[in-house]
Amino acid sequence: MASSTVTHRPGQGTADLLAGCRAWRRWLILGWHDFRLQHHRTVIGPLWQTLQLALWITGLALIFGTGFHRGVENYIPYLAIGLATWNVLSSCLLAGPQIFQKNSSLILNFNAPLSLYAFREMVVILGRTLFQLPILVVVLPLFGIHLTATMLWAIPGVIAVLLTGFWVMIVGAVVGTRYRDFKHAMSSIMRFLFFASPIVWGPVPDTARALIALYNPVAHYLEVVRAPLLGETPSLTSWGVVLFCTCVGYPIMFALFNRYRASIVFWL
Amino acid sequence: MSETNSEPQAKKPVILVEDLSLALPIYGAKPRKRGAKTVLAVGGTLQSLGRRSSSVLALDRVSFTIEDGDAVGLIGHNGAGKTSLLRVLGGIYKPTAGRCEVRGKISTLFTNAIGLNQNGTGLENIRLTCILMGMSKAETEAVVPDIVAFSELGDYLELPLRTYSAGMRTRLGFALATCMNPDILLIDEVFTTGDRAFRSKAKARMTSVMRNAKTVVLASQSPGLMKEFCNKIIWLEHGRLYKSGDAEDILEDYANRHAGEPKKDTSDDD
Numbered sequence: 001m002a003s004s005t006v007t008h009r010p011g012q013g014t015a016d017l018l019a020g021c022r023a024w025r026r027w028l029i030l031g032w033h034d035f036r037l038q039h040h041r042t043v044i045g046p047l048w049q050t051l052q053l054a055l056w057i058t059g060l061a062l063i064f065g066t067g068f069h070r071g072v073e074n075y076i077p078y079l080a081i082g083l084a085t086w087n088v089l090s091s092c093l094l095a096g097p098q099i100f101q102k103n104s105s106l107i108l109n110f111n112a113p114l115s116l117y118a119f120r121e122m123v124v125i126l127g128r129t130l131f132q133l134p135i136l137v138v139v140l141p142l143f144g145i146h147l148t149a150t151m152l153w154a155i156p157g158v159i160a161v162l163l164t165g166f167w168v169m170i171v172g173a174v175v176g177t178r179y180r181d182f183k184h185a186m187s188s189i190m191r192f193l194f195f196a197s198p199i200v201w202g203p204v205p206d207t208a209r210a211l212i213a214l215y216n217p218v219a220h221y222l223e224v225v226r227a228p229l230l231g232e233t234p235s236l237t238s239w240g241v242v243l244f245c246t247c248v249g250y251p252i253m254f255a256l257f258n259r260y261r262a263s264i265v266f267w268l
Numbered sequence: 001m002s003e004t005n006s007e008p009q010a011k012k013p014v015i016l017v018e019d020l021s022l023a024l025p026i027y028g029a030k031p032r033k034r035g036a037k038t039v040l041a042v043g044g045t046l047q048s049l050g051r052r053s054s055s056v057l058a059l060d061r062v063s064f065t066i067e068d069g070d071a072v073g074l075i076g077h078n079g080a081g082k083t084s085l086l087r088v089l090g091g092i093y094k095p096t097a098g099r100c101e102v103r104g105k106i107s108t109l110f111t112n113a114i115g116l117n118q119n120g121t122g123l124e125n126i127r128l129t130c131i132l133m134g135m136s137k138a139e140t141e142a143v144v145p146d147i148v149a150f151s152e153l154g155d156y157l158e159l160p161l162r163t164y165s166a167g168m169r170t171r172l173g174f175a176l177a178t179c180m181n182p183d184i185l186l187i188d189e190v191f192t193t194g195d196r197a198f199r200s201k202a203k204a205r206m207t208s209v210m211r212n213a214k215t216v217v218l219a220s221q222s223p224g225l226m227k228e229f230c231n232k233i234i235w236l237e238h239g240r241l242y243k244s245g246d247a248e249d250i251l252e253d254y255a256n257r258h259a260g261e262p263k264k265d266t267s268d269d270d
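As they're listed, the protein sequences go chains A and B.
So that you can map any letter, position 13 of the first sequence is 13 in my numbering, and since no number is skipped, the others follow by simple counting.
So that you can map any letter, position 213 of the second sequence is 213 in my numbering, and since no number is skipped, the others follow by simple counting.
Be aware that a few hints might be false.
[To be verified] Calculated pairs, DSS-like style, for lysine-lysine (alpha carbon to alpha carbon, straight line, at most 30 Å):
#1 B:Lys105 with B:Lys201
#2 B:Lys94 with B:Lys11
#3 B:Lys137 with B:Lys105
#4 B:Lys137 with B:Lys11
#5 B:Lys227 with B:Lys201
#6 B:Lys105 with B:Lys11
#7 B:Lys227 with B:Lys137
#8 B:Lys201 with A:Lys102
#9 B:Lys243 with B:Lys137
#10 A:Lys102 with B:Lys105
#11 A:Lys102 with B:Lys94
#12 A:Lys183 with B:Lys201
Hints were generated in silico from the structure; no laboratory data involved.
Next comes chain A alone, as it looks inside the complex (with noise of 0.2 Å):
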């Protein structure tokens, strides 16, 4: 018989997400139920995300693609894989500071991890992804970028993009549970952020979109992904950044979560 004692300790957060990662089954059958559920009573489905992803790349090359391919060499596939890194990170920065509030009925009334929660936006951000994936697949070879070896180096920049993705789910819903604010500050941010980043424009060199793409630490992420898939080496500058970021945020993940845990449900 199971034994749960409920009381003050320190490392409830620990467990909590030890707890959320034995319960993969949960938040995978969950997490992709939610997705399919997204597209409830629609007509195509799931294939929405395939189409947004499609319209907005015709929109923005249209638009921004005379302006601003300089210092970019192959624009639209460019474009392309920057949009759907983009779309990742800013689902996990978006989604963060709601995920306790979308939920608080459930929490309030069964005993699950609430990491289990964030894992499973995480499935559903990762199902969006995989209706964008096609466009990668039809767009790269269209504009002449055929599958090398230096593209399994997106690999590992994947994964780096998941790991801070998570983490920065789950400081944002601490966060943001507790100071209602932090939504929309995130919001207008990655408004902002958007512009800010390489992903319509290029980082032209001895400019000052050059600066501001090497202080954005999004651009970092961008390249990491985005180089090989072109046939370049992402830069270690970028690789150091990436991983300084995905390193740092991992403790301040646990302190904040292993701090608060037990007050989480009382700011429902």
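Go by the hints and put chain B onto chain A.
What follows is chain B alone, placed relative to chain A:
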């Protein structure tokens, strides 16, 4: 099973609560009065009504023990702390002081609003709720027929959950909560929306659950229901344990306390 020691078979304690306190912080409230502690007819003790923060002492140094096989009723006025106590027992709230130890698998029925997705069908929600409660796919499939049969919702199970009435949700929720064969079943006041036919079924199910020497903690406003099900009662007032003990004695005291009040139409004469 023969006991090797000479004592009569003592019941194992499954819920141990010692000096349990729960202070609920309240955010975003802008009360007009400041400072004073207000004692009201209902609710927990308001600890502070400040401009910045308010808190309610939902539970105040509550201590009790519940043994294996007990069917415990929680009674008290509105806001006495019944739901808060159930949530602490269920592991949803962590106490702000004191200890609460629960030994065994817990299943909770706290709300009618069970439903992971209002747009999903009844059957889909059954499966998802089972998975959320921690059952594997195989276990889920094994209990689905039992839930379908017990809830008596028939073809309604193919329709979205948002089309269900509150009573229908209670049926579904109750079936779900009892299907897991938990060691400890925690139930909040949800029976009021079930119809009479359902309530007699629920009683039958409860009786069988209790016959398996499992433990039940039930919060209710209906003394009739308590008399039917419970062998022990815990009476909370403003977050404090007022009285606890044998169901009959406590219920008599409770009835005497409220003797002067008009009788509520709770239809508990089943």
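These are the hints, each one checked on the structure:
With a C-alpha separation of about 24 Å, the suggested pair B:Lys105 and B:Lys201 falls inside the 30 Å cut-off, and the hint holds. For the hint pairing B:Lys94 with B:Lys11, the CA-to-CA distance comes to about 26 Å; that is within 30 Å, so the pair holds. Only pairs whose Cα atoms come within 30 Å are accepted, and B:Lys137 paired with B:Lys105 is accepted, the gap being roughly 19 Å. Pair hint B:Lys137 plus B:Lys11 does not hold up; C-alpha atoms about 34 Å apart against a cutoff of 30 Å.
Distance restraint check for B:Lys227 and B:Lys201: the Cα-Cα separation of roughly 17 Å lies within the 30 Å cut-off, and the hinted pair is therefore satisfied. Annotation: proposed proximity of B:Lys105 to B:Lys11 holds, straight-line Cα distance about 17 Å (limit 30 Å). Using a Cα cut-off of 30 Å, the hinted pair B:Lys227 and B:Lys137 is violated, with the two alpha carbons roughly 38 Å apart. At roughly 34 Å between alpha-carbon atoms, B:Lys201 and A:Lys102 are farther apart than 30 Å, so this suggested pair is violated.
Between B:Lys243 and B:Lys137 the alpha-carbon distance is near 44 Å, which puts this suggested pair outside the 30 Å criterion. Simply put, A:Lys102 and B:Lys105 have alpha-carbon atoms about 27 Å apart, close enough for the 30 Å limit, and the pair holds. For a cut-off of 30 Å, the pair hint linking A:Lys102 to B:Lys94 stands: about 21 Å separates their Cα positions. About 46 Å separates the Cα atoms of A:Lys183 and B:Lys201, which puts this hinted pair outside 30 Å; it is violated.
Going through the hint list in order, the structure does not satisfy hints 4, 7, 8, 9, 12.
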